[in-house]
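Using my numbering, the letters of the sequence shown correspond one by one to residues 1479 to 1608.
Hints should not be assumed to be uniformly reliable.
DEER-style ranges, computed between Cβ atoms [to be verified]: (1) R1481 / R1576: 39 to 47 Å; (2) V1504 / G1581: 57 to 65 Å; (3) K1590 / A1525: 54 to 62 Å; (4) K1542 / G1566: 20 to 28 Å; (5) M1520 / T1494: 15 to 23 Å.
Treat the hints as calculated values from the structure; they're not laboratory data.
Each residue gets a CB set at the ideal place from its N, CA and C atoms; glycine is no exception.
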Amino acid sequence: MYRNGGECTINGHAATKYTGAARDCVPCEQRSRCLRTPDTTMVRQVAFCRGKRGHAESHTERMKRRIDSIEGKRMIAARFATVEPVFGNLRHNKRLARFTLRGRLKVDRQWKLYCMMHNIEKLGHHGYAN
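My request is simple: use the sequences and hints to build the entire structure.
Next up, the structure:
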C-alpha cells in the first residue's frame, strides 16, 4: 500500500490514508473478502487514525481576532482614512481593473492620469467648488 494523504482530518481525528496499487488488488484472490463492493471498487483504501486533532487556531481565525481588537480597529480606521479608498475609487468607479497600455513609462503615465483625475474629483467635491 502507498500513502496518499498524510495530514487528513476525518471526523476531528488526525489520520493517514493509504491506497493499494491496481496491479496488486485487481488479480488478488482475497478481493471479495477485502472489499465491500469488489465489482465497482478498483483498489483497497484504508485510513489509520492517529488520535484526536487538537484545535489549532487557523490563520483566518487569528486575523479575525486581531482585527476585532481595539488596536485592530484603530489600524483599520487608519487604513480607510489614508489610501485604500483611492484604490477602491479607481478600481470600481473609474473601472481601472488593469492597465491598457504596455511598458513601464506608459503604465506610469496612465496611473498618474487616473490619480490626477481622482484628485480633481476630490477638489470638485470638497475643495474649490464650495
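Results of checking the hints against the structure:
The beta-carbon spacing between R1481 and R1576, approximately 43 Å, falls within the hinted interval of 39 to 47 Å. Between V1504 and G1581 the Cβ separation comes to about 59 Å, which falls inside the hinted range of 57 to 65 Å. The hinted range of 54 to 62 Å is satisfied by K1590 and A1525, whose Cβ atoms lie roughly 58 Å apart. Judged by the Cβ atoms, the range 20 to 28 Å given for K1542 and G1566 holds: they are separated by roughly 21 Å.
A C-beta distance of roughly 20 Å is found between M1520 and T1494, which places it inside the suggested range of 15 to 23 Å.
No hint from the list above goes unmet by this structure.
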